[in-house]
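Using the sequences and the accompanying hints, generate a full structural model.
2 protein chains.
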Amino acid sequence: MKQVVLQSFPQGNPAPENFALVDAPMPQAGPGEILVKTLWLSLDPLIRFSIDEKRLTGVVHLQPGDVLYGGTVSEVIASNHADYPGGCLVEGRTGWREYAAVDPVGGDRVRGPMRKVDPALAPISTALGVLGMPGQTAHAAAVGMGRVQAGETVVISGAAGAVGSMAGQISKILGARVVGIAGGAAKCATLLDIGFDVAVDYKAPDFKAQLSAALPEGFDVYIDNVSGDVTVAVLPFAKFRARMPVAGFIAHYGVGMEGPGPDHMPGFMRIINSRSLEIRGFSGPVVAGEAGLAEMAQWVREGKLDYREAVVEGLENAAAAFCETFTGGNSRVGKLLVRVAAA
Amino acid sequence: MKQVVLQSFPQGNPAPENFALVDAPMPQAGPGEILVKTLWLSLDPLIRFSIDEKRLTGVVHLQPGDVLYGGTVSEVIASNHADYPGGCLVEGRTGWREYAAVDPVGGDRVRGPMRKVDPALAPISTALGVLGMPGQTAHAAAVGMGRVQAGETVVISGAAGAVGSMAGQISKILGARVVGIAGGAAKCATLLDIGFDVAVDYKAPDFKAQLSAALPEGFDVYIDNVSGDVTVAVLPFAKFRARMPVAGFIAHYGVGMEGPGPDHMPGFMRIINSRSLEIRGFSGPVVAGEAGLAEMAQWVREGKLDYREAVVEGLENAAAAFCETFTGGNSRVGKLLVRVAAA
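In order, the protein sequences belong to chains A and B.
Going by the numbering used here, the first sequence opens with residue 72, and the numbers climb by one from there.
Going by the numbering used here, the second sequence opens with residue 72, and the numbers climb by one from there.
Since the hints were made in silico from the structure, they are not lab data.
Please note: incorrect hints may appear among the correct ones.
Which copy is meant is left open, so a pair is good if it fits within one copy or across any two.
[Claimed, not checked] Calculated lysine-lysine pairs in the DSSO-like style (CA-CA distance at most 27 Å, straight line):
#1 K187 - K310
#2 K125 - K310
#3 K375 - K279
#4 K274 - K73
#5 K187 - K243
#6 K108 - K279
#7 K274 - K187
#8 K243 - K274
Given below as structure tokens:
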């Protein structure tokens, strides 16, 4: 069977040569374990932290030669665990490989036991997107910390991504006016398709003028997935007591603690203090909460959420697609998935 | 009578030559107005925003020749308003002058009518400190947004200042371990005097080692009055789900939106996201709330709050003392006040 291993630590943004597709012996399920066949693999930008040369606090750390870490939906094909019989579908972090033998209940202290996926509820790939961690994060950002109210203005960076596209639609359901920021005309057109009121292209030469026109009275909530130049441009539009859920900061994932000058901390602190800005970061364990996910499932059943999936075919194309998410080089909209095998 | 006017806009930190002490005709109380004699003047670093060349949103903007803006405790010496008879003591924003004629109820939309000061409760100067805006801000930061719990570790920058020294003592009352950061041995000694567990000197060559030793398990709450290099050094010690009330950012008051590189935004966004940090800025209107002030008054009566006042004698020395607060050049601890006249 095939798997993708870390070849070398990336310096800055990851590049395809940091990864290698290799053959590996077929794994066997040990006592209490299950053998799963990977159907869908999530390409999650947060993996960048696990492949940094420097070990980061609270993050799984990989070494060259290790299989890449990643969420999957898989089918159980052999089982030594009564709760997970053959044929059942599971979501978990089994990595970038065609098959894996795993302990379904003891392996992951952060997320708990592997979650069973009900194929009657929605397409099973949604367990990695709208009905998985990105959907949960979008719900927690917009409904939870963002406290989006009818009539408010919500701005979303990385709006075409898995979290951003959901957060925008949730904000629309809540009655807000929603401005999405994405790179390129195709992504911006899709944002309007799925119900955003305005789409602003951060790659356009008149980005700042577009942004200013889109926010004549400023924003109440800024759901940030990106940081960097986009956030520096958005922050001055904060209204008094605005809220800023930070679901990601992909512009800086490869940067470390300091980037090239000028220093934007003075302006950030000035706006935090003078506008009484409220900020909260979201990483995995914070967003856990079944209530939000249940509401998302209901909205999916009612057809209120237009979730999009960008599908890459085959494990051999995973690394290149993953790398493109860091450079804005992809034109994909929605949750980025690899179809590793047909169900 | 004497008053202090803005002579020129400061570039960066304010300097004494930006101010001028001038003679002015004695004001007269018009219909509905009162004539007050200034007893105490607060030197509030936030005035920096009102004397910036650039007009800032939501801030009173002064021009050269205008009297400096500032909170005072005054005595009514002539009155055309029945609610404010001669002899009563009032707190309001009457500015850097020996006498002022003001409308006691209509002049200040942000803070409401002038507040009467009860000399039986505590020394009247406390209406500008522990029982005024700084005390309210400290209470809102520690009790409100900071949600300080017994057994937690609280770090405070600008700990010898009016807000910081109160926030530290409130955190002690709440049962926390409190680490104060201040500049110089004298200020650090005073922090220990008023009950801080540890005092860290940011001017010492081993500042980072002191900080690391003071925070072996990181911090739960960071009450920031300073920003700049101090905050860059403190942030990596954030525990998961730490809270960061931002009561001020004096290191950047004269800087504008950008400072010299490197850019510290990448590290700040990384910590916000990966530690699920919660941040909230506090400016004036947010902290209004009589409940906090009532609790502060009770703690003062019970002797639980050791409030310190740093008194500058005479309006002619106000500008120099104000300027020193921006450069760390003063060795004063507590609320910085000018005694303009004896009561």
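TODO: Check K108 against K279 for me: Cα-Cα at most 27 Å, and say if that holds within a copy, between copies, both or neither.
DONE: For K108 and K279, neither the intra-copy (47 Å) nor the inter-copy (50 Å) Cα distance is at most 27 Å.
Open item on the list: Regarding K187 and K243, is the shortest C-alpha distance of 27 Å or less found within a copy, between copies, in both, or in neither?
Closed with: neither (30 Å within a copy, 48 Å between copies)
Open item on the list: At most 27 Å between CA atoms: does that hold for K187 and K310 within a copy, between copies, both, or neither?
Closed with: For K187 and K310, the Cα distance exceeds 27 Å both inside one copy (43 Å) and across copies (32 Å).
Task: Homomeric proximity label, K274 with K187: Cα distance no greater than 27 Å - done: Classified as neither: same-chain Cα gap 40 Å, cross-chain 56 Å, threshold 27 Å.
TODO: With 27 Å as the alpha-carbon cut-off, assign the pair K243 and K274 to within, between, both or neither.
DONE: within (25 Å within a copy, 50 Å between copies)
- [ ] Up to 27 Å between alpha-carbons, please classify K274 paired with K73: within, between, both or neither.
- [x] The answer is neither: 37 Å in one copy and 57 Å across copies each exceed 27 Å.
Task: Status of K279 relative to K375 across identical chains (alpha carbons, at most 27 Å) - done: Result: close neither inside a copy nor across copies, 31 Å intra and 52 Å inter.
Task: Up to 27 Å CA-CA - K310 versus K125, copy category - done: between (38 Å within a copy, 19 Å between copies)
Figure legend: structure checked against the earlier numbered hints; hints not met, in rising order: 1, 3, 4, 5, 6 and 7.
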